[in-house]
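Chemist: Letter by letter, the chains look like this.
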Amino acid sequence: MMSATIMPTTSPGATDKATINNPADIAVIIGYFVMVIGVGVWSMFRTNRGTVGGYFLAGRTMVWWPVGASLFASNIGSGHFVGLAGTGAASGIAVGSFEWNAIFIVLLLGWLFVPVYLTAGVITMPQYLKKRFGGSRISLYLSIISLFLYIFTKISVDMFSGAVFIQQALGWNIYVAVIALLSITALYTVTGGLAALMYTDTVQTFVIIAGAFVLMGFSFHEVGGYNALLEKYSLAIPSLTESMDPMRYNISEQCYTPRADAFNLLRDPVSGDLPWPGVLLGIAINGGWYWCTDQVIVQRCLAAKNLSHVKAGCIMCGYLKLFPMFLMVFPGMISRVLYPDEVGCVVPEVCKQVCGTEVGCSNIAYPKLVVSIMPDGLRGLMLAVMLAALMSSLASIFNSSSTLFTMDIWTRLRPQARDRELMIVGRVWVLCIVAISICWIPVVQAAQSGQLFDYIQSVTSYLAPPIAAVFLLAVFVKRVTEPGAFWGLMGGLAMGLARLGAEFAFGTGSCVFPSSCPTVVCGVHYLYFSIIQFFCTGLLALFVSYNTPPIEDTHLHRLVFSLRFSKEERLDLDRVEEEKARNARRKAEQKTKAIVENESVDNPPDTQSGLCRLIGWFCGVGGTQAPEPTEEEVTEASKQIPDIREDPVWRNVVDANALVMMTVAIFFWGYYA
Amino acid sequence: MGRVNLVFWWLLVMLDTVSAQTETTQRGLPNWLTGIVAVAVFLFLVFVVFLVNKAWCSQSRRENKQDAEMSKEYEMTNGSTYETTIDAVRSDIYENTVMNISSDGTEDKVTVM
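So the protein sequences, as listed, match chains F and S.
Numbers 1 to 673, taken from UniProt numbering, label the letters of the first sequence in order.
Numbers 1 to 113, taken from UniProt numbering, label the letters of the second sequence in order.
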């Protein structure tokens with residue numbers, strides 16, 4: 001039914017594909033958008049978005065189910081649909097171990113890290129490092145590298161996957177589609193803040209899971225059942241396997257034959273594409289960065305009402321993370337079974353004709369299923385699912401990067417900025433980052449690699465482990481000092497950049513055209529490299545720390561795990577800087593008061609024009625600015641320690657639930673090991 | 001709870017299909033058995049950790065409580081070391097009994113003036 005069509009990467013216009021042009025599909029998509037925008041608008045009325053706490057942390061009033069749903073929806077983006085399915089099609093179920101490993105890491109987040117972050121009273125992760133170590137270079141480095149990683153891994157990958165899907169399913173011009181999507185996402189991010197995001201994320205989670213389940217049902221029906229998949233996958237060999245240009249290259253059999261260990265999670269440590277020590281430890285390290293130290297995820301936990309709600313939300317997210325293996329990886333493998341000549345193509349010229357890139361077409365595994373086997377109406381649902389995944393992830397990243405930029409970089413440039421200015425800057429930054437993302441599309445297109453998920457994971461593997469190591473040490477080891485942490489980070493960064501540079505210089509290559517990168521540099525699997533980098537950073541940080549004077553306990557109360565319940569007064573390491581900032585804000589406040597008084601003496605104040613007021617309400621600013629507290633009020637406020645005690649009944653309920661969840665996860669690991 | 005039900009439903013589906021799997025016989029142990037073995041090992045480790053936690057933490061907690069009681073009594077009684085808490089006179093040997101301390105001779109006789 002579906003002939004191999006040329007994917008229009010550079011030329012716009014729809015082709016004669018099964019596009020979404022019937023009333024059922026369109027009705028579903030419009031219904032989805034109405035629902036999301038409705039929830040966004042409703043949440044605008046529910047929380048105060050005019051303050052820093054209200055906009056960036058939803059006023060710290062969230063209960064467990066928006067927290068859990070938001071954790072899941074922020075994590076699962078269109079990159080997961082395209083990447084997990086594609087890598088599953090190419091190499092089997094081992095890629096699902098990324099998801100199943102995260103189940104345990106998210107428990108670490110809730111039980112070990114969030115108590116410390118909550119009781120430290122911080123909004124952003126660089127702020128935590130600033131309080132923990134003092135000085136400003138570590139927090140500046142972390143802000144910049146986090147923004148860098150967001151743009152180059154999360155945003156670009158999600159947009160690229162969304163674009164792949166839209167082009168396969170709709171045939172729209174890629175720029176039109178992406179700009180429309182980003183506008184809608186930016187709209188409810190800018191207006192609603194974190195509260196709107198978390199409530200819409202709950203809706204998105206339902207849509208994602210429901211739609212993906214439907215597709216999974218159809219796919220299994222099409223392939224003939226779970227057993228049929230097990231048998232047929234090893235027989236999914238494309239019909240065209242001869243090299244078209246034997247002078248240039250030859251295609252060895254292993255390039256197009258499905259792997260023998262395709263249904264194993266734990267693979268050979270030397271020859272496997274995801275070796276099991278790397279899977280168990282390396283993914284945990286990368287996961288540790290993503291779930292426990294990254295602003296996007298931690299911000300959602302900080303918005304919760306109390307610690308029990310955080311933990312319950314983490315458990316809910318853990319259960320939801322059981323699904324992607326069945327919802328995305330298995331359908332990806334089914335796609336290869338059903339369409340071996342397209343999804344499993346191996347001859348570069350054929351691949352270029354099928355999907356526009358010579359390296360391989362496994363990325364089209366999921367969109368192909370949606371377009372080919374879903375009936376009318378449900379295709380619209382699947383498009384809604386992809387949009388849900390894309391928009392929820394992008395919105396979360398926009399909001400968190402705006403938080404990082406506003407609270408860490410802007411306040412450094414202008415310490416006298418007050419709440420109102422920070423709100424406006426935050427919203428303007430979202431628009432800036434949307435523009436940067438749009439400009440990044442052609443770059444990602446040009447660098448199209450056959451295995452998208454691998455690309456994200458490998459880039460992350462080279463830059464994230466030092467951060468995970470430093471955070472782990474910061475929370476658990478009191479002896480680590482500022483020079484230790486800084487030089488550990490720099491050393492890790494140097495290692496990572498060396499490997500990243502080599503890989504980009506020589507190219508990642510493919511099975512048919514192997515890369516010429518020397519084995520010494522590129523031979524180490526990226527997960528092993530993570531482990532090495534993690535331990536090297538840790539050792540370097542500890543070594544430098546032990547050679548520098550330690551940080552006194554008075555500076556560390558409620559900033560490390562062992563002192564998280566301490567009630568004593570803390571001497572903040574950044575108090576000098578904070579006091580300067582507060583003085584600057586007080587001076588600015590007095591200046592504006594003087595100006596207003598002078599003006600009101602000369603002429604009565606004009607009422608704001610209707611347009612200004614409308615924009616102000618829409619953006620949530622324009623309420624009266626709270627006066628800057630005096631020094632006495634500040635010391636009084638610092639004595640109010642955030643409470644991380646839990647009701648013992650709920651603590652036991654939550655702990656028991658966590659145990660059940662770990663048991664279930666371990667069963668599945670054992671089953672597919 | 002719905003989610004757990006869903007998981008159990010999946011478990012049942014998989015148990016159903018195991019009988020037709022031919023590849024697993026090569027591995028010697030069917031998939032579901034590996035899963036159950038992993039769960040058993042995990043629960044055993046959790047149990048061990050729980051016991052260790054109870055034994056080790058309760059010991060340090062008892063030491064802390066005794067120290068706290070000693071210092072509290074010292075403050076409350078202005079330096080005198082008369083033992084006035086019920087724990088001090090609770091009999092170790094017999095349950096729900098207290099020792100008769102009237103013969104200790106540590107009580108002051110208060111006479112009405």
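A few of these clues could be false.
Here's a subset of chain F near chain S, in silico, CB distances under 7 Å, partners left out [claimed, not checked]:
hint, residue
1, V359
2, F543
3, T663
4, G670
5, Y671
Listed below are the simulated SDA-like cross-link pairs for lysine to any residue, each with C-alpha atoms no more than 25 Å apart in a straight line [as the list claims (entries may be wrong)]:
hint, chain 1, residue 1, chain 2, residue 2
6, S, K54, F, K305
7, S, K54, F, M662
8, F, K305, F, M44
9, F, K232, S, C57
10, S, K54, F, F476
11, S, K54, F, N652
12, F, K232, S, N31
13, S, K54, F, E646
14, S, K54, F, V649
15, S, K54, F, T663
16, S, K54, F, N657
17, S, K54, F, M44
18, S, K54, F, L108
19, F, K232, S, T34
20, F, K567, S, S58
21, S, K54, F, K232
22, F, K567, S, N31
Treat the hints as calculated values from the structure; they're not laboratory data.
Idealized CB from N, CA, C, for every residue including glycine.
Chemist: Given the hint that S:K54 pairs with F:M662, test it: the Cα-Cα distance must not exceed 25 Å.
Modeler: Status holds; Cα separation ~21 Å.
Chemist: For the pair supplied as a hint, S:K54 and F:N652, confirm whether the alpha-carbon distance does not exceed 25 Å.
Modeler: holds (15 Å)
Chemist: For a C-alpha distance cap of 25 Å, please report whether S:K54 and F:V649 respect it.
Modeler: holds (19 Å)
Chemist: Are the Cα positions of S:K54 and F:M44 separated by 25 Å at most?
Modeler: violated (48 Å)
Chemist: Double-check F:F543 for me: the hint is only fine if its C-beta lies closer than 7 Å to a C-beta in chain S.
Modeler: violated (31 Å)
Chemist: Please work out if S:K54 and F:F476 have their alpha carbons no farther apart than 25 Å.
Modeler: Given pair S:K54, F:F476 holds - Cα atoms ~22 Å apart, limit 25 Å.
Chemist: Run the distance test for F:K232 versus S:N31: straight-line Cα separation, threshold 25 Å.
Modeler: Distance ~19 Å between F:K232 and S:N31 Cα, so the pair holds.
Chemist: For the pair supplied as a hint, F:K232 and S:T34, is the alpha-carbon distance within the 25 Å limit?
Modeler: Status holds; Cα separation ~24 Å.
Chemist: If you take the shortest Cβ to Cβ gap from F:G670 to chain S, is it below 7 Å?
Modeler: holds (3 Å)
Chemist: Grab the minimum C-beta distance from F:V359 to chain S and call the hint holds if it beats 7 Å, violated otherwise.
Modeler: Given a least distance of 30 Å, the restraint on F:V359 is violated.
Chemist: Need the status of pair S:K54, F:E646: alpha-carbon distance at most 25 Å?
Modeler: holds (20 Å)
Chemist: Holds or violated: S:K54 with F:K232, Cα cutoff 25 Å?
Modeler: violated (52 Å)
Taken one by one, the earlier hints fail for this structure at numbers 1, 2, 6, 9, 17, 21 and 22, listed in ascending order.
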